[in-house]
Amino acid sequence: MLSKRIGNIIFAAFLILASLYFGWLAEGFETTGLLATSGLPSKFFPQLMLGCSAICAGIVIWHYVVHDQKQEFVFVTSSDARRGALILLVSIISYFIWRELGFVPMAVVFGPLSLLAMGIKQIGIYVIVWALSALIWVIFTFVLGVQLV
Amino acid sequence: MKLLKLAAAGVAAFGFMAGAAFAEWPEKPITYVVSFKAGGNADIVARMNAEVLSENLGVPVNVVNKPGGAHIPATMSVVEAPADGYTVFNWSPPSFMIVPLTRDTPYKPLEDFVPLFAGISASNALYVRADSPYNTFEEFIEGAKANKLTIGVNNLGAPPNLSAVQLASEFGLEFKTIALKTVPATMAGLIGGQIDVAVGQVASIHAYKNGEVRPLIILDNARQGYMEKDLPGVRTVGEAYPGKEAGVWVHGGLAVKAGTPQEIVDKLLAASKPMGEEAFISRVPKSVGYNWVHGVDETTALIQSGIDLYSPILDGLGLLKK
Amino acid sequence: MGTTEALLSALIQLSEPLALLLLIVGIVLGLIIGILPGLGPPIAIALALPFTFYLDTVPSMVLLLGIYSAAIYGGSISAIAVGIPGTGAAIATVQDGHQMFKNGRGGEALGFSLTASVFGGLVSTVCLAFIAPLLADLAAKFGPREYLAISVFGLVVVVRVAGDNLFKGLLVGALGIFLTTWGLDELNGTERFTFGSYHLYEGLPLVPFLVGLFAVSEALVGAERALQKVEFDKDSLSVKLPGFKQLAKMKDNLMRSSLIGTIIGIIPGEGAAVGAFFAYSEAKRRSKEPEKFGTGIPEGIVAPETANNATVGGALVPTLTLGVPGSPAAAVLLGALLIQGLTPGPALFSDEPDIMYAIFIGLFIINCLMMLIGLVAIRFAAHLIRVPTAVIVPTVMLLSFVGIYAVSNSFFNVGVLLGAGILGYVVRKLGYSIAPLSIGFVLGPILENSLRQSLTIADGSIIEFFSTPIGLVIYIALAATILWGWWSGQSK
Numbered sequence: 090m091l092s093k094r095i096g097n098i099i100f101a102a103f104l105i106l107a108s109l110y111f112g113w114l115a116e117g118f119e120t121t122g123l124l125a126t127s128g129l130p131s132k133f134f135p136q137l138m139l140g141c142s143a144i145c146a147g148i149v150i151w152h153y154v155v156h157d158q159k160q161e162f163v164f165v166t167s168s169d170a171r172r173g174a175l176i177l178l179v180s181i182i183s184y185f186i187w188r189e190l191g192f193v194p195m196a197v198v199f200g201p202l203s204l205l206a207m208g209i210k211q212i213g214i215y216v217i218v219w220a221l222s223a224l225i226w227v228i229f230t231f232v233l234g235v236q237l238v
Numbered sequence: 000m001k002l003l004k005l006a007a008a009g010v011a012a013f014g015f016m017a018g019a020a021f022a023e024w025p026e027k028p029i030t031y032v033v034s035f036k037a038g039g040n041a042d043i044v045a046r047m048n049a050e051v052l053s054e055n056l057g058v059p060v061n062v063v064n065k066p067g068g069a070h071i072p073a074t075m076s077v078v079e080a081p082a083d084g085y086t087v088f089n090w091s092p093p094s095f096m097i098v099p100l101t102r103d104t105p106y107k108p109l110e111d112f113v114p115l116f117a118g119i120s121a122s123n124a125l126y127v128r129a130d131s132p133y134n135t136f137e138e139f140i141e142g143a144k145a146n147k148l149t150i151g152v153n154n155l156g157a158p159p160n161l162s163a164v165q166l167a168s169e170f171g172l173e174f175k176t177i178a179l180k181t182v183p184a185t186m187a188g189l190i191g192g193q194i195d196v197a198v199g200q201v202a203s204i205h206a207y208k209n210g211e212v213r214p215l216i217i218l219d220n221a222r223q224g225y226m227e228k229d230l231p232g233v234r235t236v237g238e239a240y241p242g243k244e245a246g247v248w249v250h251g252g253l254a255v256k257a258g259t260p261q262e263i264v265d266k267l268l269a270a271s272k273p274m275g276e277e278a279f280i281s282r283v284p285k286s287v288g289y290n291w292v293h294g295v296d297e298t299t300a301l302i303q304s305g306i307d308l309y310s311p312i313l314d315g316l317g318l319l320k321k
Numbered sequence: 007m008g009t010t011e012a013l014l015s016a017l018i019q020l021s022e023p024l025a026l027l028l029l030i031v032g033i034v035l036g037l038i039i040g041i042l043p044g045l046g047p048p049i050a051i052a053l054a055l056p057f058t059f060y061l062d063t064v065p066s067m068v069l070l071l072g073i074y075s076a077a078i079y080g081g082s083i084s085a086i087a088v089g090i091p092g093t094g095a096a097i098a099t100v101q102d103g104h105q106m107f108k109n110g111r112g113g114e115a116l117g118f119s120l121t122a123s124v125f126g127g128l129v130s131t132v133c134l135a136f137i138a139p140l141l142a143d144l145a146a147k148f149g150p151r152e153y154l155a156i157s158v159f160g161l162v163v164v165v166r167v168a169g170d171n172l173f174k175g176l177l178v179g180a181l182g183i184f185l186t187t188w189g190l191d192e193l194n195g196t197e198r199f200t201f202g203s204y205h206l207y208e209g210l211p212l213v214p215f216l217v218g219l220f221a222v223s224e225a226l227v228g229a230e231r232a233l234q235k236v237e238f239d240k241d242s243l244s245v246k247l248p249g250f251k252q253l254a255k256m257k258d259n260l261m262r263s264s265l266i267g268t269i270i271g272i273i274p275g276e277g278a279a280v281g282a283f284f285a286y287s288e289a290k291r292r293s294k295e296p297e298k299f300g301t302g303i304p305e306g307i308v309a310p311e312t313a314n315n316a317t318v319g320g321a322l323v324p325t326l327t328l329g330v331p332g333s334p335a336a337a338v339l340l341g342a343l344l345i346q347g348l349t350p351g352p353a354l355f356s357d358e359p360d361i362m363y364a365i366f367i368g369l370f371i372i373n374c375l376m377m378l379i380g381l382v383a384i385r386f387a388a389h390l391i392r393v394p395t396a397v398i399v400p401t402v403m404l405l406s407f408v409g410i411y412a413v414s415n416s417f418f419n420v421g422v423l424l425g426a427g428i429l430g431y432v433v434r435k436l437g438y439s440i441a442p443l444s445i446g447f448v449l450g451p452i453l454e455n456s457l458r459q460s461l462t463i464a465d466g467s468i469i470e471f472f473s474t475p476i477g478l479v480i481y482i483a484l485a486a487t488i489l490w491g492w493w494s495g496q497s498k
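Protein chains in written order, with the numbering used here: chain A, 90 to 238; chain B, 0 to 321; chain C, 7 to 498.
Bound conformation, chain A alone (with noise of 0.2 Å):
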């Protein structure tokens, strides 16, 4: 299981890598209108928010390493992390549905899916789920008029 300690350590160092990455791109930075004269570069500011961020991510780095040697976990079991990861899937699979076939097919899958990523076994909820999605359907496209593709 992935600790709180472990976790945050790994994401303030990715954070510092992502800083350096973006900091570098900023160098990229191509400023070819003449319209305004102002004072700082386009990539001053993305580059000081960078560094704040990625101070930041070192001084939490050292709490952990040296101050916080708790055991506490980021998921509480094991279920409930495969349960996220798996509607997080869920969601994105939908979102290619969309984009490729239409929200209708969309808003029909999703739900089931969702709901089997979650472990869900009553069939009730299934019929409930899919009554709010048509009643989303209905309100959006027309009440409000709006092509949902």
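Treat the hints loosely; a few may be bogus.
[To be verified] Under the rule of at most 30 Å between Cα atoms (straight-line distance), these lysine-lysine pairs were calculated in the BS3-like manner:
#1 235/C x 159/A
#2 285/B x 147/C
#3 132/A x 321/B
#4 132/A x 320/B
#5 147/C x 251/C
#6 107/B x 27/B
#7 175/B x 132/A
#8 246/C x 93/A
#9 159/A x 298/C
#10 144/B x 147/C
#11 108/C x 257/C
#12 132/A x 147/B
#13 132/A x 36/B
#14 27/B x 132/A
#15 93/A x 108/C
#16 210/A x 257/C
#17 298/C x 36/B
[As the list claims (entries may be wrong)] Short, incomplete list of chain A residues facing chain C, as computed with Cβ under 10 Å:
#18 133
#19 204
#20 228
#21 231
What the hints contain is simulated information worked out from the structure, not anything from laboratory work. Where is the CB? At the ideal position from N, CA and C, for every residue including glycine.
Based on the hints, put chains B and C in the right spot on chain A.
Structure of chains B and C alone, referenced to chain A:
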């Protein structure tokens, strides 16, 4: 429900093949893409246009605002939609001229679009606070040569900013330019003392009847009839200093994607006719300029005149895309 | 037109059946849209705008003002009952509101948010009606240097709402600001982190980002615990409005938050979300027990809810008197006024006094009626805790998807929603608070632009940089609060 839809799709497909194409258009809501924020002048007139189209076409016409990103995301959302008349575009000087002239854009306005009409328009004017030491344009030029004044514009790269840049280059001035987001905000910033001089529109004066601001000059070459309505007696740069350039060109209207069937273009043109009638024009807010041009060829010629006007200006300022 | 005549004319126009009907329709519509994540006040007003083409000025104004006020309030209902702010304005309400709901005091929490919202709305209406011209001067004086000062103040707010670990809060705060630098540089058109995609020219869109951060991450966290039964006390389902005694105890909080909300509302470009955060952090700082904030206490609901509704009256000040909208929603309202043939600006008060009075009185009535209509709505909302998490998770996800798509017609924005949701989920799981991340994302553009434009104005002179009376007052107030906080920390 679904069966019905399927049947409708089938009929439509059949109709397409039989050549009686789009006799049914429009059969679903139309999306009217506006590249400005909700609530601004361009958005207001676009919403009024949408209402007229909706009334005459019998389907909802939904305005969708996609502001920012140098108008490119909004323009591209229309280019990427099918040319079926269900996505229409509110064209404007930035999206059709200034941006394509100054940077690489993934679209070409007159190749990717067919413009149908132009309505909203504007001319820029230079304003100062009532208590400003500059009473005439000449005094202002003297003052601006002596001190680096702060000039307010709505957005960097928008027509008022171009007017300011052109003013500076023609008269050899240097300004500190502050962008205040909208024209009314620029005028408010002038009253509040944040800036010394503001580039507003000729019609902006209607919000300040109590004399909080004074117009110095109209930032244009030749005098146009409609200027007299807003700023009677105020000279243009071309009148005050013959030979100095101060051209702007601000029009806006509706365009559809190139390749849209002629029947749809004709229906849209017919449905937009009332926008050129007095009943509609009288409802356009006083602080918004309006100049009606209708028809594909007429509007294309108008846009071409704008491109011809902006190209040398932008080139002179070193901004033209090479 | 004399004052009396104008007042009379305003009352007559307001008492017409159509105006009264639209007032109620506006409130109900605003409530519904406010509750839905993704759809906020600006889109709610824009949706109703075409109808005003066929209406007179006063009926169309009460319709839109009803929508505006109720949408801002409505966001707090979903914030409390589901833990998802329905609008940006309710972000600050989630912390204590939802915690209180989970602690079995849901009915009470909803009662507090309703009362506070109405209170804030009423106070700001009074401010609008009596000192609008005075306040308009303040709004006109806000330039880059003043914005910079208030944004720096805002950053300190980020630190205060940072949660237990200061550096974790600062980290995500800076991250939030950094993410706003994506897209075309507003001041010179430079492409920044666009990765060759024109979709990113406008940068990461605000609403999809915020909704993803809150709604999607909340749904993901909720999914983990989908099988657990939610324990609740039957008593918590009945809505309790706070008693007079309870409110009297919080009178400082109420008044302070109302004023903060009104002032933040007046400053163009600073919306209800910022006002709510300022009020929340100020309430926390002034409290004798600041550590209790975030654990589900009424003070943590009252402060942001009073302030966010107070921004409505505040935002109308520059809208009506200068023609400069005080918030995105007010921008659409301004459009409605222009469509009516009015020209908002200094002359509006003298030209159309009856319409001004109708707006003031209308706003007052709207807030009173919102109390009644809100009471009905929260009776239902309190029962949301009975709904199994398994039903809420997919429904909220779908609603966020649809809400985001409806506003922008863009799959890219739905993608941002998902991405922000994943980011929010990860940082929450690692014990970060997402409040500083979101407030950083809201304040980022103002901070950068005001800093750079201030430097342009100063033109290399430090004196010029600070020679702004309003800015100086803000900086001094800021220094005072920091020193005071440090000193009181030392003496404890």
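30 Å Cα cutoff - pair residue 175/B, residue 132/A: holds, 21 Å
30 Å limit on alpha-carbon distance, applied to hinted pair residue 210/A and residue 257/C: Violated. Residue 210/A to residue 257/C sits at ~50 Å, over the 30 Å cutoff.
Agreement of residue 108/C and residue 257/C with the hint, judged by alpha carbon distance not exceeding 30 Å: holds, 26 Å
Satisfaction of hint between residue 147/B and residue 132/A, Cα-Cα up to 30 Å: The given pair, whose Cα atoms are some 27 Å apart, holds under the 30 Å limit.
Satisfaction of hint between residue 298/C and residue 159/A, Cα-Cα up to 30 Å: holds, 24 Å
Pair hint outcome, residue 93/A versus residue 108/C [Cα-Cα no greater than 30 Å]: holds, 24 Å
Restraint check for residue 285/B with residue 147/C, where alpha carbons must lie at most 30 Å apart: holds, 26 Å
Interface hint status, residue 133/A versus chain C (Cβ within 10 Å): At 8 Å from the nearest chain C Cβ, residue 133/A passes the 10 Å test, so the hint holds.
Pair hint outcome, residue 298/C versus residue 36/B [Cα-Cα no greater than 30 Å]: Violated, at roughly 41 Å.
Residue hint residue 231/A, partner chain C, criterion CB-CB below 10 Å: Where the cut-off is 10 Å and the nearest Cβ of chain C is about 13 Å from residue 231/A, the hint is violated.
Agreement of hint residue 228/A with chain C interface, Cβ distance less than 10 Å: holds, 9 Å
Pairwise hint evaluation, residue 159/A against residue 235/C, where the allowed Cα distance is 30 Å at most: The given pair, whose Cα atoms are some 29 Å apart, holds under the 30 Å limit.
In the structure shown, a violation is registered for the earlier hints numbered 5, 8, 14, 16, 17, 21, in ascending order.
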